[in-house]
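Here's the letter readout for the chains.
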Amino acid sequence: MTDFKVQHRDGEGVSILDLKGYLDAHTAPDLETAFQKLLNDRKFNIVVNCRDLSYISSAGLGVFMAYIEDVRKNKGDIKLTNMSPKVYNVFDLLGFPILYEIYKDEKEAIVKFRNAQKA
Amino acid sequence: MARIRSILPWIAPAVLIPIAFVYDVARAAVDLGSGILSVTRELALPIAFLAVYAGLQSRRAQATTNVPKAIGRLLMVNAGALVLLGFVSLVISFRPENSGSLPFRQNSINILGAYIVGSILTVASIVTLLSIQEMVLIRRTASVRRNFLLYLVVLGVASAASLRFLPLEGSIVATLAFVVALILAVVNSFRQPWIVYLSRREKVYGIIYSALLFVVLTILDVVLARHSTGQRSMQAFSSCLHTFVQINALFATIYFGMSFVSTLFHLPTAEVFERKQTELNSLHNLGRLVTQVFDFDDLVRTVTQMTMEVCDARGAWLELFETTENETEGSARLVARQQVEEVVIAGLTEDLNSPIRRLLRDTHRPLLIEDIWNDRRTKHLKERGISRGALLSVPLLSQGRIIGALYAVKDRFQSFDQDDIEVMTTFADHATIAIENARLIVRSLERERLKQELMVAQRMQRRLLPQTMPELPGIEFAAISESSAEVGGDYFDFFALDDGRLGIVVADVAGKGVSAAFYMAEMKGIFLSLSRLPLTPREFLVRANQAVLESLEKNVFISVVYAILDPATGVLQLSRAGHCPIIHASAHHAEMIRPTGLGLGLTDTELFSRSTEERELCLGPEDVCVLYTDGITESRNSAGEEYGYDRLLALTRRLSSGGAEDIKSGILSDVRTFVGASTSGDDMTLLVIKRSATSGGHRV
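As they're listed, the protein sequences go chains A and B. Take any residue in the first sequence, note its place counting from 1, add 302, and you have its number in my numbering. Take any residue in the second sequence, note its place counting from 1, add 966, and you have its number in my numbering.
Treat the hints with care, since some could be wrong.
One-sided excerpt, in silico: chain A residues whose CB lies under 7 Å from chain B [to be verified]:
hint, residue
1, S360
2, M367
3, A368
4, P399
5, V413
Derived contacts from chain B toward chain A, CB cut-off under 8 Å, selection only [what the hints assert, rightly or not]:
hint, residue
6, A1476
7, G1477
8, S1481
For the record, the hints were derived by calculation from the structure and aren't laboratory data. Note that this is a predicted model, so its numbers are computed, not measured. Glycine included, C-beta positions come from ideal geometry on N, C-alpha and C.
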């Protein structure tokens, strides 16, 4: 019933994860695997593109919480982009905009990473 | 009584034969004429031997049949009779010129000789007939029985036709009866049902005995037919019994001639038949064992044992693969081994990715290595000192997955045949069923136990929620919390504060099930102790965040709404920690109250306290406040559509004039109708606060 997909793209020094479908307790492990792989490959500049993400549950939000600490410790970040208003609302309710950088477009997030690297 | 009965048949011959003998001796001296006495003498001997027949038959009733042995015994009996006949014929000699005249007039020695020859041949004939009767009637059908009885009847008729006082000798009746008896003898001789069931060894004996018996009987036939001492003695003894013996001897000759030929033809199939028999027995035993799941070790031992026996293998073993889902990793566990050194097993199938196992896994088909030394998959074993031979391995398949393998080795190379593959596949299937059975039982027991535990957890968790609603003047409460699983992570509670106000909390632990339930219990403790302190809702949540920060897993957080209600004024102070917005509604308007605030466990005290707001709202008369968890708003129908905030807000407004309990059940039933048949996803909690129509400190 619940369909979820994570796809990994490389965007010039930034790793982009494209999420698609329903992210809930059942599908959260898929995203965890994807994050774990990036961390293992020591890729800490991560953009999560939520353009095709239709739903996220609290368990889905938990995945981001699980990895943000490690990523930031390694001078990287997880930036979220292209959220639909409904998905944004879920992030917003929990206060995620205070904790995470959320952008309208993937490009903005990539530029942010670039600037940070230059600095 | 039984003894008397067993003696009874012997009284007739014991009395009648001597009388007949005395009569014959007397008649040799004096002419006794051909009156009633001679008729009586003619009948005396057949009756005497009829009794013998009856007596022998009743003694044989319980005899079990090892047919080749029985044939061997018949061989002894008939050969013995023939030898005795030879001896007697040395002593007596019938004058040829007398042969035509009836009755014979002989001297006493000749009469005695005729009686000895006659009695022995007749008894031998009866014994032979009874043996054949048994062989013919093995696994009989009604028609088989009928055919044999028919033979006996015609035999009786033919014998009776030979009685001298009847004018039938040489008549059409006598000849017809003789011919029909022989035809029936041939018909009955086709009944050789015992041959198929003989082992190879027994068949060999059967062939030898049948052949010898055939020769002996043929000699007897000739002796009885031609003018010889034997024929004359029988004639002198009783022409009726002569016919009887003669027909029987012919029957026996035909029967054992047939036996010889049939057994000879069955000899090449003996091995196959034996093997099938063993297979059948093994499968029968296995079938029984399969259901005895608790004897799992016994079962796998039996499977390997039978594999060895049926395939005539040097050794056999069974292993189970403990694989992960993709079937590429894991280990193989040896569960039963027969006559195979571990070094062979280890050498053949070192790890799960050994060529043999990989092939089994890829093809799911039996794998036959005709020659261990010269097969590229097993060549390396030659150096390890493993003897040359053949290996057959068969996968254990369950629902398209390989769960293990059954192996057998033989010393000779190229020695497994198609039958071996088939029988081992069958054994492997049986083993699979038993293994799956065992696993299912363990699993279902475990599931039952877990279910029981969860029921206990559920009961305990229910007790963590308020059992009754607070009673406050002018304010009504209604609340419900439902878990999608046995236990859940939703929580609500009321705390009576020291200053007469009421603390109200609704919380939702991320995730659901057991882990959420544990955190929920922990939260209850934290909230309860914090409620004792004089804190504003915001301070309350900051402290709560501090308390849980250490104990929560990284990916778990808790969303909470904490509100303090002053029943006297209807003022509700509240803070939200990542929780769903609060609904404040009346008949005329409805809104979502959404102060900023992070969920508990997301961040440190500093950021948390900086970003958490506090709001105050006033519940006027007839106003409603609804607290809930996202299980309500995120309920989805079968089309995947969410219930959502707008629906909830509008409905609350519509229902706001009713009592708290009505509003609660109204919302709940609307959500349920919306969800319909689709399975509810999350825990749901709903808490309704309703201020009565008249404001103030007293009830209406």
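Checklist entry - For which of the previously enumerated hints does the structure constitute a violation, in increasing order of number? => result Of the numbered hints given earlier, those the structure breaks are 4, 5 and 8, listed in rising order.
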